[in-house]
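Work out the full structure, taking the sequences as your base and the hints as a guide.
Its first residue numbered 1, the sequence shown is counted upward by one per residue in this note's numbering.
For the record, the hints were derived by calculation from the structure and aren't laboratory data. Positions of the beta carbon are idealized from the N, C-alpha and C atoms, including for glycine. Where hints are given, some of them may not hold.
Computed beta-carbon distance windows for the label pairs [what the hints assert, rightly or not]:
no., residue 1, residue 2, range
1, Gln45, Gly79, 43 to 49 Å
2, Pro54, Gly268, 51 to 57 Å
3, Pro39, His177, 42 to 48 Å
Capping the alpha-carbon separation at 20 Å, the derived lysine to any residue pairs in SDA-like fashion look like this [said to hold, decoys possible]:
no., residue 1, residue 2
4, Lys60, Phe145
5, Lys245, Ala172
6, Lys68, Lys136
7, Lys272, Asn250
8, Lys245, Glu184
9, Lys49, Glu20
10, Lys246, Val270
11, Lys92, Glu20
12, Lys231, Tyr209
13, Lys92, Ala174
14, Lys213, Val196
15, Lys245, Ala174
16, Lys269, Asn250
17, Lys246, Thr151
18, Lys103, Glu20
19, Lys60, Thr137
20, Lys245, Ser281
21, Lys136, Gln71
22, Lys182, Thr234
23, Lys245, Gly268
24, Lys49, Phe109
25, Lys80, Lys103
26, Lys272, Tyr209
27, Lys72, Val122
28, Lys271, Asn285
29, Lys68, Glu58
30, Lys92, Glu117
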Amino acid sequence: MKKTLLFSFLLISIASFANEIDLLNTGRDVQTFLRSHFPAFSDAQIALKDFLYPDALEQKVADSLDVKLWQKADFDGNGKTDLLVYMNTGGKNYLTVIMDNGKSFRVIFLSRYPFAEVFFPVIKKLGSTPLLILYKTCSYCHGPFEGITGTDSLIFPTEPFSNNFGNFVEPANAQHHYKIEKIEAATAPCTGTCPVFSMSIEANRKAGYHAIKYNDTTGNFTAVIDTMNYKKITSLLNYINFPQKKDNYNVTWTDDQAITLTITYDGGKVKKIYDYGERGSYGLNLLYSLIYQLRTNQEWR
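This is the structure in structure tokens:
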């Protein structure tokens, strides 16, 4: 299955005006804001609640949770107001965050697979930090609504992590400091043009890359991963407490891509994660994205 979105976090930047999100007071204001600032969203509108939650029980759940299809919060604690909006564009509904970085806006799609899940988004507080709770149900399942099927809780980590990966992940209960000795990743084919490759990275940042199919190139390459990107990956691994992740993750549909992640750490311990669908968690999904990016942001020879 060819994915509509390769990664769950698609970032778009555009010139920002100070505190403009603060001035949004109606759904029409939000729609005009999206269309005027983002050319790719020229058809954007706020998702229609009756279509997003077509079942009467779904609407009852949404009402009981006080779900709002757009709302404001300062997710990253930079003093600028951000926008959470369930946006319809291109015929699909995407739960989207517009981050105000002060000089630019950044768009983050939280809907990793809009055909698969419908969210009931609720913003609460974790201390002083906005906590985004995503109650979810199956989008493609047939038959009557059977209730909430799962819940994701997300925050936008601030220092010391925000300078490293700056995105929504599950909250960390504690800081971890595993000694990462080797990182290995290998993808499997999907029904479509998913990139097939393997990569290994040693603790000294020396890396090997085998580009097999549907990459920008093919062959075997070596490089020394730059310090910034290596730190992003190892910091994220520690943040998500990778040894405590499950060994296997699987989506409920077929024809998708799988990735196998193998981490050697702390004197030869090995953690292997097989993830069919590449969506075991938001933290893992972001980790895969960083590894995919290494294919094109390093000097491979």
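Hint by hint, here is what the structure shows:
| no. | hint | verdict |
| --- | --- | --- |
| 1 | Gln45 - Gly79: 43 to 49 Å | 29 Å, violated |
| 2 | Pro54 - Gly268: 51 to 57 Å | 53 Å, holds |
| 3 | Pro39 - His177: 42 to 48 Å | 44 Å, holds |
| 4 | Lys60 - Phe145 | 11 Å, holds |
| 5 | Lys245 - Ala172 | 13 Å, holds |
| 6 | Lys68 - Lys136 | 14 Å, holds |
| 7 | Lys272 - Asn250 | 14 Å, holds |
| 8 | Lys245 - Glu184 | 16 Å, holds |
| 9 | Lys49 - Glu20 | 25 Å, violated |
| 10 | Lys246 - Val270 | 13 Å, holds |
| 11 | Lys92 - Glu20 | 26 Å, violated |
| 12 | Lys231 - Tyr209 | 18 Å, holds |
| 13 | Lys92 - Ala174 | 37 Å, violated |
| 14 | Lys213 - Val196 | 5 Å, holds |
| 15 | Lys245 - Ala174 | 15 Å, holds |
| 16 | Lys269 - Asn250 | 24 Å, violated |
| 17 | Lys246 - Thr151 | 17 Å, holds |
| 18 | Lys103 - Glu20 | 11 Å, holds |
| 19 | Lys60 - Thr137 | 14 Å, holds |
| 20 | Lys245 - Ser281 | 9 Å, holds |
| 21 | Lys136 - Gln71 | 18 Å, holds |
| 22 | Lys182 - Thr234 | 10 Å, holds |
| 23 | Lys245 - Gly268 | 18 Å, holds |
| 24 | Lys49 - Phe109 | 19 Å, holds |
| 25 | Lys80 - Lys103 | 10 Å, holds |
| 26 | Lys272 - Tyr209 | 19 Å, holds |
| 27 | Lys72 - Val122 | 11 Å, holds |
| 28 | Lys271 - Asn285 | 17 Å, holds |
| 29 | Lys68 - Glu58 | 14 Å, holds |
| 30 | Lys92 - Glu117 | 12 Å, holds |
Hint compliance for this structure: hints 1, 9, 11, 13, 16 are not met, and every other hint is.
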